[in-house]
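**Student:** Chains as they are written, first to last, in my numbering: chain R, 1 to 707; chain G, 1 to 707.
Just so you know, the hints here were simulated from the structure itself, not pulled from any lab data. Don't take each hint at face value.
Stated by the list, open to error - Which chain G residues face chain R? A few, computed with CB under 7 Å, are given here:
| id | residue |
| --- | --- |
| 1 | T132 |
| 2 | S177 |
| 3 | D331 |
| 4 | V469 |
| 5 | Q470 |
| 6 | L652 |
| 7 | G654 |
What the hints assert, rightly or not - Keeping only pairs whose Cα atoms sit at most 27 Å apart, straight-line, the calculated DSSO-like set for lysine-lysine is:
| id | chain 1 | residue 1 | chain 2 | residue 2 |
| --- | --- | --- | --- | --- |
| 8 | R | K647 | G | K659 |
| 9 | R | K264 | G | K312 |
| 10 | R | K650 | G | K440 |
| 11 | G | K312 | R | K659 |
| 12 | G | K576 | R | K650 |
| 13 | R | K647 | G | K312 |
| 14 | G | K663 | R | K647 |
| 15 | R | K659 | G | K647 |
| 16 | G | K440 | R | K44 |
To be verified - Chain R stretches covered by chain G per the calculated footprint, using a threshold of three residues with CB under 8 Å from any CB of chain G:
| id | region |
| --- | --- |
| 17 | 302-314 |
| 18 | 444-453 |
| 19 | 486-492 |
| 20 | 645-654 |
From the three backbone atoms N, C-alpha and C, an ideal C-beta is built for every residue, glycine too.
Protein chains: 2
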Amino acid sequence: MNGAVNMNDPKISAKELDSLFKPKSIAIIGASSKDLSIGNVIIKNLVHYGYTGKIYPINPKEPEIRGIKAYPTIFDVEGEIDLAHVIIPSKFVPQIIEDCGKKGIKSVIINSAGFSENGDEGIALQKAFLDTAKKYGVRVFGPNCQGIINTDPQYKAYCDFTFTFPEPGAVSIVALSGGVGAFIMQSLFDLEIGMRYYASNGNACDISISDVLNYYGEDEGTKAIILYTEGLSNPLEFMEVVKRVAKKKPILCMKSGRTEEGSKAAASHTGSLAGVDISTELIFEKTGLLSFTNEEEMCQASMAFSTQPIPKGNRVGIITNTGGPAVIATDELVSAGMQIPALSERAINILKQTQLPEATIGNPIDVVATGGGSHFRSALDVLMDEETIDSVFINFVTAPFTDTDEVARNIVEVNAKRIKPIVCNFMTNMSLERFQVTAKILKDGGVPCYSFPTTAAKALGALYRYHKVQNRNIGEPKTFSVDKSKADSIISTNKNIDTFLSSDKVYELLSAYGIPVADWRLVNSVDDAIKAAKEIGFPVVLKADAASLVHKSDMGGVAINLKNEDDVKRVATEMKNKFNASDLKFFIQKFMPGGRELIGGVSAKKDLGHLIMFGIGGIYVEVLKDVVFKLSPVTQVEANEMLSSIKATKLLDGVRGEKGINKKSVTEIIQRISQLVTDYPQIQEMDLNPIMAFEDKAFVVDARIKI
Amino acid sequence: MNGAVNMNDPKISAKELDSLFKPKSIAIIGASSKDLSIGNVIIKNLVHYGYTGKIYPINPKEPEIRGIKAYPTIFDVEGEIDLAHVIIPSKFVPQIIEDCGKKGIKSVIINSAGFSENGDEGIALQKAFLDTAKKYGVRVFGPNCQGIINTDPQYKAYCDFTFTFPEPGAVSIVALSGGVGAFIMQSLFDLEIGMRYYASNGNACDISISDVLNYYGEDEGTKAIILYTEGLSNPLEFMEVVKRVAKKKPILCMKSGRTEEGSKAAASHTGSLAGVDISTELIFEKTGLLSFTNEEEMCQASMAFSTQPIPKGNRVGIITNTGGPAVIATDELVSAGMQIPALSERAINILKQTQLPEATIGNPIDVVATGGGSHFRSALDVLMDEETIDSVFINFVTAPFTDTDEVARNIVEVNAKRIKPIVCNFMTNMSLERFQVTAKILKDGGVPCYSFPTTAAKALGALYRYHKVQNRNIGEPKTFSVDKSKADSIISTNKNIDTFLSSDKVYELLSAYGIPVADWRLVNSVDDAIKAAKEIGFPVVLKADAASLVHKSDMGGVAINLKNEDDVKRVATEMKNKFNASDLKFFIQKFMPGGRELIGGVSAKKDLGHLIMFGIGGIYVEVLKDVVFKLSPVTQVEANEMLSSIKATKLLDGVRGEKGINKKSVTEIIQRISQLVTDYPQIQEMDLNPIMAFEDKAFVVDARIKI
């Protein structure tokens, strides 16, 4: 991933980034008089967009560029420079950054390519200019990037070579890919949503996506954030930042590369490692981001977020003046987990008095195509008063025989009170002037309008998702009392990496962390095996244990359900003769049939922590792949979610007369495992297969741990 | 549902509908001089749209309306009238239809409401005018409907009161709901797709959706059809028509009311029966329609269908000039079942010679933002020649520093050859004149352009889905040799409806249709039970059978796994004493443990046939609801699809050392069941639970049949 070099940077404060997003003066180093060159387009864009600060084109030969006085070097500029655009060949960049440092420039945007995306030479160049930048305290945005845009009329800083000139608004965008960032910005422009800030930081060698998100989080003008990425370079920093920001304002995000092929395509253009990455989605979930898999849906949803309050629940009231679109909307709302409750008697009585005789009184309220402003208004007022309604969905077709402006004015008046969120599927012909007027009333009144019922319903669904995010408190991970010194001694004696712990160490380690395991002994002889089996109590499992026995089970080194001393003696003797290994030991364990077979697992993720897996074992995992993942550390709430989100979750409650399992024991095992791997990041993999769960308790029956 | 009265009508020929879609003269009965009234708007629309035929406003008082000579009655019109709009109160409609008949008018559109949607009186009125219409051979469109639009410059017939004036095109629309129809038409207009015909027929008392689809099917100008419905009034007629049409041209369709709540909303505005209706989706599947759950996606897809050939397979070549959007597109294409194969060495060599040095040669081909017309062209030519590529996806961002028109012209030139389908995600700012020119080149060249990579990828995915439809031949249902006279005698003796067949009749009926059942006997005494068990062979199942015993199992009337004569004697005696019923009989059956427990089921659907259900029994159906449905008659191909489309399908092949089942036996049972219920439509319900499947054979072990 880009920007891996800045992992140990201190977080950049919002104040420090003001020089980037609110520059009072900008130098364009590599300004060019050549039309369509980036060094020319950036100046053109700044001027065209009405940048309020000073523009200093830097060019060794030209006296002026696009009618603006140019300077041979930045040192020839008399005043202070907040921000510099760098658009010169990569090999000259380290020297220019040195100059910028000397001149006291606070931030630079390096549009030039030819750095870490370009092999060893580029990586060296990037390191070189970054060291210089640190020396002088210059903040670097990029390289190999587009830049930033600030739509605030006080600045109007269009520091980018793109071609969309957005209206001011409340949505800020940050995108790893400039191509995707640009079309998201364009989409907001087309939807007339308005935008606050834009940032696309390419290689992100210094100022990271997290720094930008932190800045947006502190910005009062930003009501909602759109994030596009193909992966995260510093996931822990990212999590820390967005956890904080996501509680304050919605972050709508999309991570592409969710298929094997997509992730390959991402790797080919960013140089990142291929491989489908489920951890980014888990980070989004853990930190409360609203993840989308469809960028159009994400842009459409941002319109609702930029104008509407967040609903307090999932109950929608629908007002419609045409039947079919209400059916479509209902389908989508319900699919998004929302309800369309019946109205109260009080509401129905009011509607009976205020609606046309041919109206349908219910939910949906069909005011019919001839319904006018007063009919929409009474329906809106009723729904705003209705305690069992959390949000309002409107289908409004501009029937030619009604005063559509009056309808719009009534919607706007109610919307202005911001009691409950409103979204509107506005079905009209925008090429007719008459309806453009109606549309403008709605738009100016901050009513989010969509052209399709499903699209509008999805946007309301996204508002509801954010309600759930705000109300989902996963809590802090529990810290169980464990025998850490015992665990330390087990882990520390295992110096080799990429090795599996021996069986006895596995169970000792689990026990040290209070994870119930089936009772066991490790012994050296057949006689001791018999003795151990008697201590544990029959039936038992017997496993041969020796360095040479990796696939015990396939080699006949595992025998289950040994019911008495004779069984143990016979089997142990057979194994001894068969394997004939000098280091042969016997692992004896309580055999516990009849429970529900569960599985758990852990895998370490570089720079992040561990993925914790849970599922139902046996054919469920083999046939149905019925497993779920969370990121460590896993809290009680998350552990509960793991149990309830597998497809066959009902099985845990018992079906067909079978007993259910003790879920509390299982969630505790998950959390203790989480605590173990959080304490020992060097644990690379764990397989807990199976965990046997009974009505009263659960035990880890077989486990492997790789350090 | 609307239009149930026309179930026995003869199909209306395409020729007969020419008077509706290609009228040479139109009378507006109920023409009004009042602005915004429907009787005025329709005349305004006809004139505004440039209708090429004669317009006859009919109004008893006005000498002219909107400057057109008006007539007191249709009899005052001298010439012939092809089509009449009827916009008068419902009670006058029967008389007016009589007049239309006498005048020789061929088709009428009844815009007026107040018929079958309005209770008994309305139903009577509808029946009255329909009888009259039949007497004179007048075809009726509506009532309670919008009307039709024909965009053909030869006619320009805008027989509707809506407000969107579409350009001619190749997509025809038919919609039950006028509201949805109108916004679909608007969407095609906004997307500049162009439209051929529009029809929204409201109550559909005579001319049905099927008749319209048949008309569109015969129309050479219609390349693709969009259908919206909330249910089907005459599903068999519909199936017969669309099966034929869907092979000739794609029918993109959406049925709303897919949730319980959505179907309630549909019921409230159409008066149809509530209840989620899965059979319509099964009809779509069986007849080869392309079903959508998102109307925006459907409209967007129609753009690709109206201009592009159908791909011959699922292999996509991607050309992009920006990285991120290619990643997003790849994700979506792969999710839609498509592949992004590697290119041949030959292709790579050509690309290496023709692309910029910084281009990425592979699939995607990244021609980079500075790539121009020649680079796009060489990439396109390579993909058109590449044998392993079936379609082409283009990401084209209008980089300000390239000649975007030249790029567009090259895409258009290749597109014109129609070798393989092309879709284009065209990322631009349409408010800039420069890019409007580029867009127009693409549009005029018939290149389907989208604003989001996912949206474009979904459209290409829809083209691929139609490829699969064209290539999916479900074949004809097999006719197995069965003992029909035996079955006749069983069914005919069961005169009561809503009753369950007795156990012996159930098994006799199944056996008559060659469906293997576990060997069984029905006897009257304990001694005969023992004798029967010996004949069948142990172990056996014993069930008490008497009219009073409905819930046998709960009442202790079922005993399984009886291993010898003593067991049978003891259990049968206990049951005899316990139930003490004079009609008590014993049902003895072979007990067959150890197989895979499957379930089958049938339920009759009014006016359609039967739904056939299949799944894996036990916890799979209880916990995972892992069942699939098809419509009878089920062919071999469909039966195979049933087995392979359940989630736990792998279980049928055997996992964890378990043996797989004989799938052929199971698919034969499904087909024989299908033949049975097709032969006896009076069968209302069947439960085959369980069907026990073994490695060599499968048997129905327990079954209920309701007539």
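**Student:** So, for every hint listed, does it hold in this structure?
**Tutor:** Hints, verified against the model:
no.	hint	verdict
1	T132	violated, 26 Å
2	S177	holds, 3 Å
3	D331	holds, 4 Å
4	V469	violated, 23 Å
5	Q470	violated, 25 Å
6	L652	violated, 10 Å
7	G654	violated, 10 Å
8	R:K647 x G:K659	holds, 25 Å
9	R:K264 x G:K312	holds, 25 Å
10	R:K650 x G:K440	violated, 56 Å
11	G:K312 x R:K659	violated, 53 Å
12	G:K576 x R:K650	violated, 39 Å
13	R:K647 x G:K312	violated, 36 Å
14	G:K663 x R:K647	holds, 26 Å
15	R:K659 x G:K647	holds, 25 Å
16	G:K440 x R:K44	holds, 26 Å
17	302-314	violated (count 0)
18	444-453	holds (count 3)
19	486-492	violated (count 0)
20	645-654	holds (count 4)
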